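Student: Sequence:
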Amino acid sequence: MRVELFPFQKRALADIRMKTAEAMGSYHRTHAPQVVSFTAPTGAGKTIIMSTLIEAVLFGDEQYVEQPDAIIVWLSDSPQLNEQSKQKIDSKADKIKLSQCVTVSEESFDKEVFEDGHVYFLNTQKLSVTSKLTKNGDGRTYTIWQTIANTVREKSDRLYFIIDEAHRGMQGREASKATTIMQKFIKGSDSDGIPPMPVVIGMSATTQRFNALVEGTSSTIHKSIVTTDEVRASGLLKDRIVVTYPEEGTVNNDMAILQAAADDWKEKWEHWTQYCFEQHYAYVNPILIIQVLNGTGEALTDTNLDDCIAKIEERTGFKLESGQVVHTFGGTTATLTVNGLDVRYEEPSNIAEDRNIRVVFFKENLSTGWDCPRAETMMSFKHANDATYIAQLLGRMVRTPMQMHIQVDDVLNDVHLYLPYFNEDTVKDVVEALQSTEGGDIPTDIYGESLSGKKFETLTVRPKKKKEEQQTPGQMTLFDVFSGDNTGEQQFAGATEPAGDLTPAAQPQVTGGEAKQAETAEQSQTQSSTDTTAPAQSAPITPQPSDTEARSENDAAGSQQMAQTETSEEEDLFDREEVMKFINDAGLLSYNVRALRINDYLKSLYRMAHLLTMSKLHREAIREVQDEIVEMIHSYVEVLKADGKYDDLVQQVKQFKLATQIFDAFGETVDNYSVHDMFTTTDTDIERQFQIADVKLGREGIGMAYGNKYMDMSDLSAFKVDVILFVADEECMNRLHSYAETRFHGLNDDYRRYIATIDSEKIRKEYDSIVSDGDPVSKHNFRLPETIQVPHEVGGKEYRNHLFVSDITGVATMKLNTWEAGVIEEEEKREDFVCWIRNPSRGSWALCIPYEIDGETKPTYPDFIVVRKDCVLGYVVDILEPHNPDFKDNLGKAKGFAEYAKQNPGVGRIQLIRMSKDAAGNHKFKRLDMSKTAIREKVSHAINTDELDHIFDTDGVIE
1 MRVELFPFQK
11 RALADIRMKT
21 AEAMGSYHRT
31 HAPQVVSFTA
41 PTGAGKTIIM
51 STLIEAVLFG
61 DEQYVEQPDA
71 IIVWLSDSPQ
81 LNEQSKQKID
91 SKADKIKLSQ
101 CVTVSEESFD
111 KEVFEDGHVY
121 FLNTQKLSVT
131 SKLTKNGDGR
141 TYTIWQTIAN
151 TVREKSDRLY
161 FIIDEAHRGM
171 QGREASKATT
181 IMQKFIKGSD
191 SDGIPPMPVV
201 IGMSATTQRF
211 NALVEGTSST
221 IHKSIVTTDE
231 VRASGLLKDR
241 IVVTYPEEGT
251 VNNDMAILQA
261 AADDWKEKWE
271 HWTQYCFEQH
281 YAYVNPILII
291 QVLNGTGEAL
301 TDTNLDDCIA
311 KIEERTGFKL
321 ESGQVVHTFG
331 GTTATLTVNG
341 LDVRYEEPSN
351 IAEDRNIRVV
361 FFKENLSTGW
371 DCPRAETMMS
381 FKHANDATYI
391 AQLLGRMVRT
401 PMQMHIQVDD
411 VLNDVHLYLP
421 YFNEDTVKDV
431 VEALQSTEGG
441 DIPTDIYGES
451 LSGKKFETLT
461 VRPKKKKEEQ
471 QTPGQMTLFD
481 VFSGDNTGEQ
491 QFAGATEPAG
501 DLTPAAQPQV
511 TGGEAKQAET
521 AEQSQTQSST
531 DTTAPAQSAP
541 ITPQPSDTEA
551 RSENDAAGSQ
561 QMAQTETSEE
571 EDLFDREEVM
581 KFINDAGLLS
591 YNVRALRIND
601 YLKSLYRMAH
611 LLTMSKLHRE
621 AIREVQDEIV
631 EMIHSYVEVL
641 KADGKYDDLV
651 QQVKQFKLAT
661 QIFDAFGETV
671 DNYSVHDMFT
681 TTDTDIERQF
691 QIADVKLGRE
701 GIGMAYGNKY
711 MDMSDLSAFK
721 VDVILFVADE
731 ECMNRLHSYA
741 ETRFHGLNDD
751 YRRYIATIDS
761 EKIRKEYDSI
771 VSDGDPVSKH
781 NFRLPETIQV
791 PHEVGGKEYR
801 NHLFVSDITG
811 VATMKLNTWE
821 AGVIEEEEKR
831 EDFVCWIRNP
841 SRGSWALCIP
851 YEIDGETKPT
861 YPDFIVVRKD
871 CVLGYVVDIL
881 EPHNPDFKDN
891 LGKAKGFAEY
901 AKQNPGVGRI
911 QLIRMSKDAA
921 GNHKFKRLDM
931 SKTAIREKVS
941 HAINTDELDH
951 IFDTDGVIE
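The letter at position 313 of the sequence shown is residue 313 when you use UniProt numbering, and the numbering goes up by one with no holes.
The reader is advised that the hints may include incorrect statements.
[As the list claims (entries may be wrong)] Below, a list of computed lysine-lysine pairs in the DSSO-like style, where the Cα atoms sit at most 30 Å apart: (1) Lys581 with Lys938; (2) Lys797 with Lys95; (3) Lys926 with Lys895; (4) Lys135 with Lys10; (5) Lys829 with Lys696; (6) Lys938 with Lys917; (7) Lys603 with Lys815; (8) Lys917 with Lys829; (9) Lys938 with Lys797; (10) Lys455 with Lys815.
[Stated by the list, open to error] Each pair of labels, with its calculated beta carbon distance range: (11) Gln63 with Glu828: 55 to 61 Å; (12) His941 with Gln691: 49 to 55 Å; (13) Gly193 with Asp854: 34 to 40 Å; (14) Ser916 with Leu5: 48 to 54 Å; (15) His792 with Asn211: 36 to 42 Å; (16) Asp371 with Ala334: 41 to 47 Å; (17) Asn734 with Gln691: 34 to 40 Å; (18) Leu98 with Gln63: 44 to 50 Å; (19) Ser450 with Asp138: 37 to 43 Å; (20) Asp371 with Asp585: 56 to 62 Å; (21) Lys455 with Thr130: 48 to 54 Å; (22) Ile943 with Lys815: 36 to 42 Å.
Just so you know, these hints were derived from the structure itself, not from any lab.
Since the structure is predicted, the reported quantities are computational estimates derived from the model, not experimental observations.
Each residue gets a CB set at the ideal place from its N, CA and C atoms; glycine is no exception.
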């Protein structure tokens, strides 16, 4: 495949591959039909997983041999979905040839059986009673039913039938018809003359859907499930869907809501432009999609498109140009003139790749087979009775543009939908419809909010005033990016990499202004060489509010805006960016706690070594690892020769007497070794065993690296036999994996703190992925984003000394409970206090500490991170956790904090805090500080909560 699967996708693929082989083997032995049920929620990448499975069946993988004569039939319920699946295989599978993927055509398809080694795409419409495929005549020799029946009869050992029930293109009666047709392949159909398919692989969004599909069948069912938590953790989907509707009784709902949508879209442009510039990514170019009303009479649409374009330009200040606005109206493919602008027709499937497109007008043709991660803001003029359709479309918009969670700017982790003709109750219908059409518990949180009652607030360490002051010389402005002819394609080659090697003994760094100047120079040089056309300068339009809007805003919020302006102009309490940089460079640990380990240590070691080489932290890392493994093989071979065992083992290799763990399509071992004892091998057989050995060594070219160093020119296959012998020896492989575990952890420990100082989020993301996949409990560098989104809390207290604040008001509104508020109040009274951060429970960037309870490792998220002044380092970071002593997790968390303090000597205080009374009987907070060695030792040896309570009594302090 041309794409790297996410860890949960790899796990699902391995599981489906195994169960598919088991299913084919069971059918081979019993002739009982088999069904593999693959259930995964929206955004799991079911089509990519299935495409990889097809490639693995046809060409083999590290566990199963190839089956080049396999036949795959892929059935969905619409031609668009057929084409979408076929295009995905064509573009992502690098081994499957274009000629192997065949769309079954009503006009031309006429075969006795399906041909070996091909993937056929069918949809239920082509199987209806009115379809030409289901009838003889007009020169057709075989109906599709006869082709299928003949193939089952003659090629049942290699026929795989995929039913794509996950992506439904139809609703209501048509959907029911499609389900009935799909069931024919599971149950068989006497009227059509087809038996049940030998092996059916069913893709579904929910177990309920698939249960309905297989209801009443006698097939053996093998289940493979991807959970919503796995998809949510991958970063493939947006964190939040926010649905905005007008307040009750407001007038001119549509244009007021369109204004809000335009404002949100412009904000997305601002944030994406800044993020892509700083991270050296191609610009995302977010799209605003607007669903308009159908037309009555001769009208193309009852929505005033001229007003829409005028309002968008007025609110954003963008001057839209030809090619930036398109329509997908089914009634016409002509170019329209809207507000003096040419608006051409565009096929929905082409929108995602055309990076010049900024605004899309559509009616009802974007829900099926359409996928555009750049569509970040949607406005719909539809009324409340269209909730199901809107939900279908929204389900296509939750993919993330970069297939990852954005760590540094939380604004980029949500998608907005604006509905002027909905209210709080009808928005719930959209949510319910979304959950129904996309499969129950979708892995994205959904919130409804009125125009003035926002559910989330954006907080940042970079207020707007400061952002303007710190504009980097040479940086393209928002208007440059929006109007430029480069359409966001520029790449900053090499700019994400550090300047040179960093070893544990030396870490030369360029920081501050020097780094910015170097980055700017490199970016300017690279841009000028890669951009085909220099970005055109455009004169921004000054946003002018409408009369109605201006009156309402001035009447309701004039005095508030004045107050906010005064607040924003006040001098800030401290340098927020300096504090954030200190924390991010401090190398504090945060942990990722998983239920299982995704990769073995050998794969994790290779990935870590490649990352260190690519990032130039340690250029020779991957070569060193390869050389060390090559020497392990050589040492093993030398010992065999010294012991006189080598020649005998070589003969065993050449007579197929060495066992391997490779299986055939039926899940059984490939070779019956007793049959092969009398035969000698050929060079082709040795090459095959060598390739199998290379797979077990991680497909990293270790075998060829060994040959390059130790090849015997008089026997060119001898080095391959050496590698085969090494892999066949269980003790050798155990030593190899033990080495990989030790080496992986060593590299991680040596370079983790240097990864924290790298500006490239891409490198940091890859590092986090590697260590998370390597260990169930993995260490990471704690790193704060620049911008976060927090729930809007009514009745909260305003804090100017929270690190993240509103860029408008300069404060953060937080609603703390009594204990939490009391702890912050005590901290604020300290002379060395600077600021504090509310650590969000299970937030993507939150500081996490592992602890054990009832034999299970779980994550905990301390409530507060406090920053104080330090005369040596400038700042020091504390971790504070007010915690009720009645909770059963007290001892486990105390021990977890104690271990964390031991691993992080650079942290100031690490305190578990309880409410207590002082000598006068007043309620005070008593703190147990795990950063103190004596206390940490006592806590580590405590065996029950009574002992912990006693430690609090003897060693806890009231500050």
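Student: So, for every hint listed, does it hold in this structure?
Tutor: Here is what the structure says about each hint:
1. Lys581 with Lys938: The given pair, whose Cα atoms are some 34 Å apart, is violated under the 30 Å limit.
2. Lys797 with Lys95: 60 Å, violated
3. Lys926 with Lys895: 18 Å, holds
4. Lys135 with Lys10: Answer violated: Lys135 to Lys10 is near 42 Å, above 30 Å.
5. Lys829 with Lys696: 61 Å, violated
6. Lys938 with Lys917: 23 Å, holds
7. Lys603 with Lys815: 45 Å, violated
8. Lys917 with Lys829: Holds, at about 19 Å.
9. Lys938 with Lys797: 38 Å, violated
10. Lys455 with Lys815: 14 Å, holds
11. Gln63 with Glu828: 55 to 61 Å: Distance hint for Gln63, Glu828 holds at roughly 60 Å.
12. His941 with Gln691: 49 to 55 Å: Given about 54 Å between the Cβ atoms, the range holds.
13. Gly193 with Asp854: 34 to 40 Å: 58 Å, violated
14. Ser916 with Leu5: 48 to 54 Å: 52 Å, holds
15. His792 with Asn211: 36 to 42 Å: Because 40 Å falls inside the window, the suggested range holds.
16. Asp371 with Ala334: 41 to 47 Å: The hinted range 41 to 47 Å is violated for Asp371 and Ala334, with Cβ atoms some 26 Å apart.
17. Asn734 with Gln691: 34 to 40 Å: 22 Å, violated
18. Leu98 with Gln63: 44 to 50 Å: Roughly 27 Å apart at Cβ, these two residues miss the hinted range, so it is violated.
19. Ser450 with Asp138: 37 to 43 Å: Check failed, 60 Å falls outside 37 to 43 Å.
20. Asp371 with Asp585: 56 to 62 Å: 39 Å, violated
21. Lys455 with Thr130: 48 to 54 Å: 49 Å, holds
22. Ile943 with Lys815: 36 to 42 Å: Distance hint for Ile943, Lys815 holds at roughly 38 Å.
Hints 1, 2, 4, 5, 7, 9, 13, 16, 17, 18, 19 and 20, counting from the list given before, are not met by this structure.
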